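All chains, please: the whole structure from these sequences, using the hints.
What follows is the residue order along each chain.
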Amino acid sequence: MSNSFVEAFSFIEHHGDLLLDQVKVHLEISAESVAIAILLGGPLGVLLGHLHRFSFLAINISNVGRALPSLAVLAIGLPYVGVGKLDVIIALVVLAVPPILTNAYVAVDQVDPDTVDAAKGIGLRPLQVLTKVELPQALPLIFAGIRTSAVFVVATATLGGIFGGGGLGAVINNRESYGLDGIIAACYVLIVLTFAVQLLFVGLERAVTPAGMRATRSSTRSGFTRRRATVVLTEGGVTQEEQSDLVDQGSRT
Amino acid sequence: MTKTETAAAQAGSRMSAAPLEFRNVSKHYPGSATPAIKDLSFTVPAGEVCVLVGPSGCGKTTAMRLVNRMIDLTGGDILIDGASIADRQPAQLRREIGYVIQQIGLFPHVNILNNITMVPRLLGWDRKRIAQRGAELLELIGLPQEMGSRFPSQLSGGQRQRVGVARALAADPPLMLMDEPFGAIDPINRERLQNEFLRLQGELRKTVVFVTHDIDEAIKMGDRIAILRDGGELVQFDTPERILAEPADEFVAQFVGADRGLKRMALTTVGEIELDQTPPADTASATDRETVSSTTTLRDALSIMMADSLRPLRVVDADGGDLGYVSIELINQAIHHRPTGDMAVSV
Amino acid sequence: MYFLAPAADSGGPVIPNFGKTSSCVLDNKTFCWDWFRSNWGSTFEPALIQHIELTAIAVGIGFVIAFTLAITAHRARWMVTPVTLLGSLLYTIPSLAAFEILVSITGINWYTVEIALVSYTLLILFTNILAGLSSISPEVLDAAHGIGLTSRQTLIRVELPLALPTIIAGLRVAVVTIISLATVAAYIMPTGLGKPIFDAIASGGFNTKFIGAGVMCIALALVADGLFVVLQRILTPWAAARRGV
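Chains as they are written, first to last, in this note's numbering: chain A, 1 to 253; chain B, 1001 to 1347; chain C, 2001 to 2245.
Treat the hints as calculated values from the structure; they're not laboratory data. The model shown is predicted, which means the values in this text are computed figures rather than measured ones. Please note that the accuracy of each hint is not assured.
[To be verified] DEER-style ranges, computed between Cβ atoms: (1) A/L39 to C/I2065: 49 to 59 Å; (2) B/P1187 to A/G203: 46 to 56 Å; (3) C/I2071 to B/R1199: 39 to 49 Å; (4) C/V2229 to B/P1144: 26 to 36 Å; (5) C/V2229 to B/D1081: 48 to 58 Å; (6) B/E1136 to C/L2235: 24 to 34 Å.
[To be verified] Calculated from the model, a selection of chain B residues having no Cβ within reach of chain C, i.e. all distances over 12 Å: (7) R1065; (8) Q1103; (9) R1127; (10) S1303.
Quick reminder that beta carbons are idealized off the backbone N, C-alpha and C, glycines included.
Right, dumping it as C-alpha cells:
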C-alpha cells in the first residue's frame, strides 16, 4: 500500500493528459463558481458596507455559510436541477458567496471613518467617496474574502465529482478505473492546485494593497493554508471583531 | 524624622515590615557587552519607602525585579529580614512580597474581590478570613463594597491601580515592590493616588521599594532616594532633603534640576520653622498684609510674597490664631541653617 | 464508487414500495412529507444519531490531542511550525481521497472514519487553542508570576480561562467542519447523514431522501453552531461585563 504513494508519481507521468484534462474541468467549474459568487456577493457587500446597513445579516451570513455541510448542499440541488455540472456550480456558488459578501461588507464598513469624513469634507460625492476612498482601502480585505472562497471552491469541487461534475473528484471517485495510485495522484495534484490558487490570490492581494497599507497586512506562512481570518461576531447589537487563527475553509471537502 | 515616621507617629500605627539589603548585587545579561547592574549595595530600613530613581536604562526596574526573583541574580545577594532570597522557592517568596506594576495587570476574567484576594486564596486562608480581608482592603483603598463583584473592565484606570495596590497588600506582606505604579494614570488622579498611598503607608508602614523616573515623585514619596546611573551605579543614597541640599555630583545636580532650591523649600512648611514674633516694620497695615496658614510650604509662601512685593506674611494656625510672621530673610535663614535630617546613612 | 447517471438513462429512480405508495413518491416530487415521517425511525433518525456520535467522538479525541499539543507548544515554541505544517497537510487532503486511502490501510469500519475526521480537527483546534493562549496580555502574566502563582497555577487559573473564548471559537468551527465531513464518510461506510444521500445516489435519485438528509444535516450544523455561541457567552461572564450588560 505504501507503494501506492510512490506509484502515484508514475501514474502522473503516464496519465498526465488525463489528469490535465480533469484539472482543466476542475478549474473551469471553480472559476465559474467563484466568478458568479463575486458578482452576487461582492457589489452587495460593498454597498451594504458603504451604507453601514444590515450589519447583523451581512456579518452572520458567513457564519451560517461556514456551517453549511458541502455534501448536503450538493445533494439538495439534485431534485431541482438533476445531476451534472449545473448542480455542482450552484452548490459551489451558494457556499462561496458568504465569505465574499461578509468580507466585502466588513472591508468597506471598517474603512477608517476619518478618511471618509475628510473625503466628504473636501466635497466628494458619495459615489466618489466609495470609489476613490473606500474601495481602494477595502480591496485587500475584499480579496482576502475572494481568496478564502476560491481555495474553498477548488477543494469542494472535488466532491462534485460524485455528482457528475467531473474534475479531479471524478478521478478520486473512480477507484475501479484508476486504482489507489490514481486516487493518490489526483490528491497530489489537488494539493498542488490548492496551494497554487492560494499563492495566486496572495499575490493578487498584495498587488491591490495600497503601498501605504502594506505593513499591516498579514501574510500566509510558507504557503500553507493558515492565516488570520476575521471572525466577526455580533453580540448584543455591538459588533465585536474577534481574530481567531482560523484555517481557510478552502480545503474543506 | 522621615515622612513615614511623622505620619505614623500621628496615626499611631503598627509595624509589619522587614528590612531589605542589596549586597554587591550584579546582573549581567548573556550576550550583552555591559552589565545591567555592576555592583549595587544599599539597605532599606524596615518600614521605609526607598525610591529607586534615575534615567531610563539605569537599571532601576531590573534592580527591583531582582528582589522577587522575576530576574535572576548574576552575583551578590539580596536579603529580606536577613534571609537570602535564594533560600526560598520563587513562587513562595513572591507570595510574601507585594507587587505592583505600571500596567497593573489585573486578571480580567476574575472579579475585583477575587483579584484582590488571589494571594490569600493561594495561601489557603479559610473562607471567612478571606472575605473579611477582602472587605477590609476595599475600604482601605476607598472603594465601595459593591465594587467587589464588578470586573476590571468596568473600572477606571485610577480605580484599577488602587485595586492593584490592594491586591499587593492582601496577604499583609512585609515588603512591597512598586514599578512606576502611577505612571499610566492621568496627572490629576496620579496626585490623588500618591497622596492616598502616603496615607496608607502612614498607617501600614511597610518596607517599600518604589521605582520611578520622575524626580518629583521620588521626592514626594521617598523616605530615602537611591539615584542610579547606567549600570545600576548608585550615585547617591540619601533623604530627599539632603539630596536636594547637597547633591553628590554634577549628574545628581542635573537630575534633580536647577530648581532644587525651590524643591527643598517645598519640603518644609512655615509652621515648622521659627517665626518672627515682632511685627515687621514695613508699609503694610494689619488688614492689608497677606496671611498664610501654618501648613503652607516655604515655597508657596515665597510665591505669595513675590506677588506682594516681598513683604513679610502673617502666619496663622488652623483656628486663625496668630503664630508669627515670616519674611524672605527668615526663609533664607531657615534653609541655610536647617539640619538636613538627623540620620546620615552612608552609601 | 458512486455516481449519479442522468435519470433518463437509468430508467428512473428505484421507488421504495410498501404497497401504498403515495402519488408524491411515485412522481418523485421534491419532498414527500409522508414518506419522510413514516421512514423517520428507520432511515433518518438512526442516521442523525450516528452522525452526532461520529462528530462528538472525532471532535472529542481531536480536542484531547490538540490540547495536549498546544499546551506543550505554548512552552516549547519550536514545536509550533512542525505541528502546524503537519496539520495543514492533513487538512488539505480532500476527504474523498482520505477515506479511500485509509480504507486500504485500516479497512471499512469506524476506526477509519474516525482517524480521518480526527486528523481534520487537529489543525483547527491546535491553532485556535494556541492562539488563545498566546493572546493574553503580557502584563497579566507578569502580574500572575509576580504575586506568586507557579507556572501550573498560572496556566490553570489565568491562561486557560482567558483563552477560553478563542478555544470555544475553535471548537465551534471544528464541530461544524466535522459535521460536514462526516457526511462524506458514508462514501466508504454506510453511516451518518451521508448514508441516505449516497443511497439515493446509488438507487437513482429519490428526491425526498436527498432533501430530507440534506436539510437535516444543515439544521444539525446550524444548531450546533448556535449552541456554541451560547456556550461561549455562558462561559465568559467577564466579556458580558465589558459589553455593559
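Checked hints:
A C-beta distance of roughly 42 Å is found between A/L39 and C/I2065, which places it outside the suggested range of 49 to 59 Å. In this structure the hint that B/P1187 and A/G203 lie 46 to 56 Å apart at CB holds, the actual value being about 50 Å. Between C/I2071 and B/R1199 the Cβ separation comes to about 45 Å, which falls inside the hinted range of 39 to 49 Å. For C/V2229 and B/P1144, the Cβ-Cβ distance of about 34 Å falls inside the hinted range of 26 to 36 Å, so the restraint holds.
At roughly 54 Å, the beta-carbon separation of C/V2229 and B/D1081 lies within the given 48 to 58 Å, and the hint holds. Taking 24 to 34 Å as the suggested C-beta distance range, the pair B/E1136 and C/L2235 conforms, at roughly 31 Å. Distance check for B/R1065 against chain C: the nearest CB is about 8 Å away, which does not clear 12 Å, and the non-interface claim fails. Once the 12 Å rule is applied to beta carbons, B/Q1103 is inconsistent with being away from chain C; the minimum gap is 4 Å.
Remark: the non-interface label on B/R1127 is consistent with the geometry, its nearest Cβ contact in chain C lying 17 Å away (cut-off 12 Å). No beta-carbon of chain C comes within 12 Å of the beta-carbon of B/S1303; the shortest separation is about 40 Å.
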